[in-house]
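Below, each chain spelled out in residue letters.
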Amino acid sequence: MLNYILRRFLYAFPLLLGVNVLTFVLFFIVNSPDDMARMQLGQKHVTEQAIDNWKQQHGYHLPLLINQQALGTDKIKETIFFQKSLRLFAFDFGKSDSGRNIGADIKQRMWPSLALALPSLAVGLLVNISVALMMVLFRQSYLELSTIVLCIIIMSISSLFYIIGGQFIVGKLLMLIPISGYDTGINAFKFLILPVLISVVAGVGAGARWYRTLFLEEIEQDYVRTARAKGLSETQVLFKHVLKNALIPILTGVVVVLPLLFMGSLITESFFSIPGLGSYTIDAINSQDFAIVRAMVFLGSVLYIIGLLLTDISYTLVDPRVRLS
Amino acid sequence: MACIFKTFFFILSYLSLSACNEQVLNNPYPDLLTENQSVLYSSFSERPRHLDPAKSYSSNEYVFIGQIYEPPFQYHFLKRPYDLEPLTATQMPEIIYLDSSEKVLAQDAAAENIAYSDYIIEIKPQIKFQPHPALAKSGQGHYLYHQLTATELAKITQLGDFSQTGTRELTAADYVHQIKRLVHPQISSPIAELMKQYIVGLGDYAKKIKKLPRTALNSVEINGVEVVDKYRYKIRIKGKYPQFIYWLAMPFFAPMPWEADAFYSQQGLIDKNITLDWQPLGTGAYMLEENNPNLRMVMLKNPNYHAAFYPQEGEPDDKAKGLLKDAGKQLPFIDKAVYKLEKENIPYWNKFLQGYYDASGVASDSFDQAVQFTGDGELGLTQAMQDKGIQLQTAVTSSISFIGFNMLDPIVGGDSGRARKLRRAISIAIDYEEYISIFMNGRGVAAQGVIPPEIFGYTAGEQGVNPYVYQWDGNKPQRKAIAIARELMQQAGYADGVDKKTGEALILFLDTAASGPDSRSRLNWFRKQFSKLGIQIVIRATEYNRFQQKMQSGNAQIFMWGWNADYPDPENFFFLLYGPNSKVLHGGENAVNYQNKEFDRLYQQMSNMENSPERLAISHKMQEILRYDAPWVFGVHPKSVSLYHSWYHNLKPNLMANNKLKYLRIDPQQRKILRRQWNQPILWPIILAILLLIILALPAVRSFQRRAKETIK
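Quick mapping for you: the protein sequence lines, in order, are chains A and B. Read left to right, the first sequence gives residues 1 to 325 (my numbering). Read left to right, the second sequence gives residues 326 to 1038 (my numbering).
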């Protein structure tokens, strides 16, 4: 397995380099270093000299990918791409174009994102599995039918509606919790109740139906029939046998998203004023801060690769038939 | 089953207990002790980019640094028209005019004879900087934190981790140091290039320090800026530039102790985002206690703040409005100001209604809920707002949005009668009154010229009407009929939008930076306005940077843009049309590239004058030239509308002052009572929902239990 993991890490390098080049090219097709300077210098009294000074100070005076003026290896090294993007492989994110240390910003902002994403994932998983099990338990009854209808209704409504509706009903009309905001430490709890509740409700439709399908697939298997024939009750069959076997696809599905939880949720964080990483990239794109964009895209790619690797590993852990080679 | 009932009773008891408690559940501020303190609660929607006074040039940043840094002069809080007064200075500056041989000239010397103007500024003694680790000294007089070791730096994660702080007296050298900072390449001040044109020796100084670190700024002197003595400094500028005084009221010219640069240049602090750009050091009424631009910014009253008092006089009706109740009292009134990041309008608005924000603007989605038009067309509050004691304040901003014609364009530009008539016809056809009504909820005033209200040179009433677009109907300006515009089109050779010369339809190109989906209806409206004249308009919406590039290269025919005043002087608007400021030819701010010799001559004359009837007459002449030539379709002066709660006092719109916070007052007791009254939790729907769920689930549970007990028959 160690060989497999090492090989996957080696595969990751060209992949990350490709992502880096692609991000770089796409960004500079849309924005020029002059645009970036204008954005940072403001809208008034911006002269060409001021733009040149800014580019010089921030290293954007160099050619993009190849420096025709330079000699030897400097043709590659004396470029914006080499100077700015390759340091990322050492996880040196550098400074944003507005002067802030990106690594420090990411460290600061990932905790609120995790504080929202982890309970949302855990509670959501619990609720989705419970609802799916309930549907399977009460299958072919009015409860199953009405829950499926409800799930479809929930799936059909935009998540924005839940956010605004939740804030309106729980925060404004009933005045039970703050409408939005965030605080550090234990004080964060009351600010997280509503966003977590909303993300659970918004996700229960799709999640519960997907898990129901998994459970129903299992419930028709021979081992379930055997369990029933042994005289086990329906709840014992479900919880002791079906749930255990259906957990394999559920677990692997969860593992793949785990690393990406760091990246936060744009809309939820924005509406609830949670200072996470969700809006960090979007804000950077809007302010044409290439340093942050490349750092966040790189981080996202790394986390995604780690997620896929963890999924592969988790397969071997939960299903002894799978071997990595 | 028993478990379900247990949970239900637990929730029920929690909610009942909460209901018995007077404490509200939705208070977003955890520290209940501050309920009795004079704390202002406000918000920001976009995180500030810079808090260094040499870099910052944005109103959302001035909200913070305007309270922390003190330039020598400030705008009077109550007087109108806007009036400058000393802040840290003892008096307004002594201005000495010199000829090219540095011989002193009389105060009324002709502008063309003045080669230099010396501004001598004397600051008040005994003003102290806020407590700050950069100023902390040991018993032997050495700075404690200027040369920290790697081990010491490793322990620091925020400014509050420094155990000691210090202060010192403000001196003239601190102002000079800041002027030097303006041109340091690492700082990239947005006004560096502009100031090099005015301040003697600044350009040379910039060259000398180009490769020096920030900490070495004081090792080189500027020719035109000198420390006269501990409390006096002198700035020499080229020629006569009366508007320079307004720059001296902006944070760019606030004092900066050299110790700040020495302290913040330590790499270990920079790596942790502890920089001067984020952690200010000033003498102002407030100091930044917490700087987390991703969450909140908190300012505390500066314990070292010097004696400053609420103004004793203002406009005639200020007393009746209660704005002089605090006259003569020591400033500031508010102990703490909390600004929370609030990106979306809806939660912000709802929290304002719950009393958790002290003031709010009015977004378009809450406009109808908050504001209605009175019988005489004025904005008023709805009954719901009045019942809450909320008050309304409106002010016409010192800005203008306009449609510009590129004067270098062969069709719409130039000085020909044909092009002028076309421009005037378009000016009549674009019905800005309708625009204000549809897209701005009435929050704007159709512009009659380039100068907004409350700026010297603006004239209200019949005298101030643009006679080429409007006629006076005895009470207000009335836009001319579209038939007159069509007649102008015919005279220009474009009858019904067809070019008489070519026989082809007239197609014009409108460039705009408004490219989002929200702008679509606005742009369609503009298309409709042009179509009144038979003109086919091609809208080229693009993002702002691309738009600026087009302006720079002159690659636009007609475009939409705006301007917000830097200072309350007509020169700050007329310069947008001054020939030598042409964007294409000289890289200036004259985006329409308008050239008119008489206008340029008058501009040079008026820009060197103090406000006087003569200057007013020249301004009127310049307005007339612009109205006649119509290089702009004078668009809208937007109106700012803000709401504030009854516990918030001393609010008067002042669009120029950056340091208003120190004048404001909060009544925390009244706020506490009203917040509790407005935020009593409603619990019965939750109990009802739980009961309903149980009732619905019961038959299914029973049926399942029955099925489980069934045996095969």
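Keep in mind the hints are simulated off the structure, nothing from the lab. Note that the coordinates shown come from a computational prediction; the quantities given were computed from them, not determined experimentally. Heads up, the beta-carbon is just placed ideally off N, CA and C, and yes, glycines get one too. Please note that a few of the clues may not be correct.
Said to hold, decoys possible - Chain A regions said to be covered by chain B (calculated; three or more residues, Cβ under 8 Å):
id, stretch
1, 35 to 42
2, 90 to 102
3, 132 to 146
4, 199 to 209
5, 246 to 255
6, 258 to 268
7, 279 to 291
To be verified - Taking lysine-lysine pairs in the DSS-like style, the calculated list, with each CA pair at most 25 Å apart, reads:
id, chain 1, residue 1, chain 2, residue 2
8, A, 44, B, 563
9, B, 985, B, 644
10, A, 44, B, 532
11, B, 713, A, 172
12, B, 825, B, 404
13, A, 44, B, 597
14, A, 107, B, 668
15, A, 95, B, 536
16, B, 404, B, 654
17, B, 668, B, 404
18, A, 55, A, 84
19, B, 597, A, 84
20, B, 668, A, 172
21, B, 825, B, 853
22, B, 654, B, 964
23, B, 535, A, 95
24, B, 532, A, 55
Hint check:
1. 35 to 42: n = 6 at 8 Å, threshold three: holds.
2. 90 to 102: Holds, because 4 residues of the stretch 90 to 102 of chain A bring their Cβ atoms closer than 8 Å to Cβ atoms of chain B.
3. 132 to 146: holds (count 5)
4. 199 to 209: Contact hint for the stretch 199 to 209 of chain A vs chain B: violated, 0 residues under 8 Å.
5. 246 to 255: violated (count 0)
6. 258 to 268: The restraint on the stretch 258 to 268 of chain A is violated, since only 0 of its residues have a Cβ under 8 Å from chain B and three are required.
7. 279 to 291: Our answer is that it holds, as 4 residues pass the Cβ test (under 8 Å) against chain B, meeting three.
8. 44(A) - 563(B): The hint holds at about 21 Å.
9. 985(B) - 644(B): Cα-Cα ~18 Å, so holds.
10. 44(A) - 532(B): Satisfied, since the Cα-Cα distance of roughly 23 Å is no more than 25 Å.
11. 713(B) - 172(A): Given pair residue 713(B), residue 172(A) holds - Cα atoms ~16 Å apart, limit 25 Å.
12. 825(B) - 404(B): At roughly 55 Å apart (the allowed maximum being 25 Å), residue 404(B) and residue 825(B) break the hint.
13. 44(A) - 597(B): violated, 30 Å
14. 107(A) - 668(B): Roughly 21 Å between the alpha carbons, so the hint for residue 107(A) and residue 668(B) holds.
15. 95(A) - 536(B): Roughly 21 Å separates the two Cα atoms, so the pair holds.
16. 404(B) - 654(B): holds, 17 Å
17. 668(B) - 404(B): violated, 34 Å
18. 55(A) - 84(A): Holds, because 13 Å separates the two Cα atoms, which is no more than 25 Å.
19. 597(B) - 84(A): holds, 20 Å
20. 668(B) - 172(A): holds, 18 Å
21. 825(B) - 853(B): holds, 22 Å
22. 654(B) - 964(B): Answer violated: residue 654(B) to residue 964(B) is near 31 Å, above 25 Å.
23. 535(B) - 95(A): holds, 21 Å
24. 532(B) - 55(A): holds, 17 Å
The structure is inconsistent with the numbered hints 4, 5, 6, 12, 13, 17 and 22, although it conforms to all the rest.
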